[in-house]
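Student: Sequences listed follow chains A and U, in order.
Counting from 1 along the first sequence, just add 668 to a position and that's the residue number in the numbering used here.
Counting from 1 along the second sequence, just add 668 to a position and that's the residue number in the numbering used here.
To be clear, the hints were calculated from the coordinates, so they are not data collected in a lab.
Careful: at least some of the hints might be erroneous.
Treat identical chains as interchangeable: a pair holds within one or across any two.
In silico lysine-lysine, BS3-like type, Cα no more than 30 Å apart, as pairs [stated by the list, open to error]:
| # | residue 1 | residue 2 |
| --- | --- | --- |
| 1 | 1102 | 801 |
| 2 | 1118 | 1176 |
| 3 | 1025 | 700 |
| 4 | 1048 | 721 |
In case you want the letters, here they are:
Protein chains: 2
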Amino acid sequence: MSLQPVLIAGKWLEAKNTTGTFNMTNPATKSKLPESYPVSTKEEVHEALEAGKKAADELRTFSPEKIAEFLELFAKKIEEHTEELVNAANLETALPKEPRLRSGELPRTANQLRLAAEAARDRSWCMAVLDTKTNIHSKFGALGAPVVVMGPNNFPFAFNSAAGGDFAAAIAAGNPVIAKANTSHCRTTKIFAEAAFNAVNETGLPPATVQLIYRTSPDVGFMLVSHPLVGATGFTGGRQSGLKLKKAADKAGKPIYLEMSSVNPVFILPGALTERLQDIATELYGSCSLGAGQFCTNPGFVVIQRDEKSEAFINSLGKIFRENKPGILLSSSGPQNIVDAIKVLKKAGAEIVVGGKEANEAGYAFSNTVLRVSAENFLKNPRDLQTEAFGTVSLIVVAESIEQMAEVANNLEGNLTGSLYTSTKGDDDSDYSKIENVLRLKVGRLLNDKMPTGVAVVPSMNHGGPFPATGHPGFTAVGIPRSMLRFAALHCYDNVRPHRLPEELQDKNPTGKMWRMIDGQWSQGNVGI
Amino acid sequence: MSLQPVLIAGKWLEAKNTTGTFNMTNPATKSKLPESYPVSTKEEVHEALEAGKKAADELRTFSPEKIAEFLELFAKKIEEHTEELVNAANLETALPKEPRLRSGELPRTANQLRLAAEAARDRSWCMAVLDTKTNIHSKFGALGAPVVVMGPNNFPFAFNSAAGGDFAAAIAAGNPVIAKANTSHCRTTKIFAEAAFNAVNETGLPPATVQLIYRTSPDVGFMLVSHPLVGATGFTGGRQSGLKLKKAADKAGKPIYLEMSSVNPVFILPGALTERLQDIATELYGSCSLGAGQFCTNPGFVVIQRDEKSEAFINSLGKIFRENKPGILLSSSGPQNIVDAIKVLKKAGAEIVVGGKEANEAGYAFSNTVLRVSAENFLKNPRDLQTEAFGTVSLIVVAESIEQMAEVANNLEGNLTGSLYTSTKGDDDSDYSKIENVLRLKVGRLLNDKMPTGVAVVPSMNHGGPFPATGHPGFTAVGIPRSMLRFAALHCYDNVRPHRLPEELQDKNPTGKMWRMIDGQWSQGNVGI
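So that you can see chain A by itself, here it is in the shape it has in the complex (with noise of 0.2 Å):
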């Protein structure tokens, strides 16, 4: 099949000098897919910039009310295209049909993308501060200039560089999109683009609103998240890509956001497994086997203390990782770098309970896997201890003490989530807040007796966290609206002339119930009302 069209500037083109081109594999057969895919070139990344610049002055001119259209009606026709994208996703990541894409990534994606028009058309988002005895007034802005987005392997659809999270709240505060699709499923964001662009084409925004590429040269890849003409970058993948590209937009000055990995840390308390041992480990399977294990959230990291209850509960984990049978990992390089994980923390001192072996399956696989090693050794070398194994892989870390555990907790790099499972009688409360005090400064979500895969997409969420989780502790990359303010600049008016101030900072609220701090207060009100 011929080479797949990139759009840019609102035209699907043949890629003319691309240096090269990709297929990509299908992870359950582990056969050639038929389209290729090109590596796109500077001068094709530099005219996507250009076109981005442009389209991101004119989409500051839009109402927006317009952008909420555009993005409720690319809600309505991703789930018009729904059989098209479930068959693209499955064929390319091997993510079962149901329930996982059919029925909860893609209701999740169009749910986002509503989520974002609402929060666009209300306008609450920009935290209007107005200061009425000084006439200074403040609100977030869009960037104006094209926001990059570099979507995961991991989430086809929630997460697509050109549908999910970070494209919605791209889009909702103002700016275009650059999609560089994540090149493990290329059709399906090709799929989501077509649909962008037909639903910006109706509404009438600029063209260049949404682009797409597929791949760059490493090289290119840092040009475009340093590049003058860019606003921000949006980047969820793994850290050593994500630390490279940071690099290169942080000498350049240019914002960006990254979701890098996370071990998850979930400590159980000795209260907690005296009450409900094998609930806790059919919940940890549960959450760990999510996806074949491959989510930001996996709880691939558990501390206990050891007691009587200790290898009751390690060899019930290692039962049920036994006997349920491997997922189908996202690629060929899945197994290889758990290979290389697990390597990692065996030679730091983890020792395996069941698993560690690739599996013999059709498609890409791994053995479920449980490590186990001791606080002590932990506390050795907790840099090697805390690798990442992106599948079905965690590490019981087992303490001698409350204070061990506490030990571990402030040894551990910044992580997305924590968890902290206690007894339901009160008893671990004293110890709760032992661990809290020291796990609280680590995490971005701090979770209480569940499992931290499963990321609500609501306003109080926070899927970020301290480096090197990500690349800032004050972002989140879920949640709207406050997702949105990664995309946005502090633009304050001084003295600035009523009728000359945007309609969010003139007296009479634009919406009616926009929320405004005037003066102090939060209101819904006019000025002087």
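Please build the complex by placing chain U on the supplied structure of chain A, with the hints as guidance.
Tutor: Positioned in the frame of chain A, the structure of chain U alone reads:
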């Protein structure tokens, strides 16, 4: 006079292992001041970090009320030490005692601390978001690690490392501060640190809540801002040092907020010049000469359109600049930096209208200077022609048309401010839009018919802007409570049992008037009421 002590871990220590010492110079007389100050070693800085981390952990257990008490007591002590502070700062910076230091900057500094106290007590700054249906809540919380503050030379009080805006914001957000004094006003900073430390002790905060060092080698400085124990850094100063610190902090994933150079463009539209040429020239000189031109928001770049009024304006401006005596610069590097900057500007095609030479004064001084260049020339070398000359120096760019003025705006780097002067009769309305569209994206604060100096400490202020004016376009260094968010992390609580939540996220409003976003509505009430 003997070597001055540093304040580390709650003790004033004679620096034992200093890697060197330095003395300051009185810029008004060019004579050496008697006190010597130590250059801190790596070990000493490490000690401060360890103590700061311990203090941070303790500080998180204190009520906001206690932190507010400290800030208010500190403000009171500053007022009690007015004469000592004014004398020290005048000696070290040559800034006038009246009105600048005693009636302007000192009351502002005390006021900032009181506003920070109010914000801490009020708690609304933390942006609590409660989602009662999912039991997921979030808010901003202290970093739980010391904040490094490196203040600038030009505001010995209001931006002082141990008393200024960054200090106030970091403490109010619940973090201890490691102040690195600006080496041009160490005695002033030491007086602040003494007052702060006494207030710490009297309030009962952890002794290492405030620490003070004066200078480090560059390498130790990089270690400080990138250290695992550091929470974040607030830096105000020159671009060269700022970028080096940024590189070190970025690599380690440590937030650093930088306020660097800015030429603060002023666009004067033809209608305004026709209407009030002389007034604008006077205003411009007034703003440009404040603090001998050493303001971050100094208007160093003026764009006008060539017409019958433009030469008259340049002549008028030149006359005012020539007739006024230059102020005393902050240090010996002051005149040298201006000489270097003017060399770059001239080489790139700018011509001297008036001034351009070191002034023959007892203190460090440079003659008030106006330069001019055509917009055509500017557009050939926009980078060099935006070189900041930190003094009473302004470059007039003469454009042929409004379109060319917009093109000049389009070639600007990120700036803290941008001003637009317009006719009061509405003659410039369409021209205003043409420039504003471009300028809006280049600056943090957009002004209309107002000069950029004078940064009101109000919640709507943005003393920030796109790179390289700062390191991130979403944060402000002035304006409480927003400036506090730089020194906080987003903390989400998922399924956490009610009694384990921080007070700000429990059902009951902890102050009875704190603003919280409950299920999509800003409210001062309790959950369910």
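Student: For each hint, tell me whether it holds in the structure or not.
Tutor: Going down the list of hints, with the structure as the test:
no.	hint	result
1	1102 x 801	between (47 Å within a copy, 28 Å between copies)
2	1118 x 1176	between (45 Å within a copy, 24 Å between copies)
3	1025 x 700	within (24 Å within a copy, 72 Å between copies)
4	1048 x 721	between (50 Å within a copy, 22 Å between copies)
When held up to the earlier numbered hints, the structure conflicts with none and fits them all.
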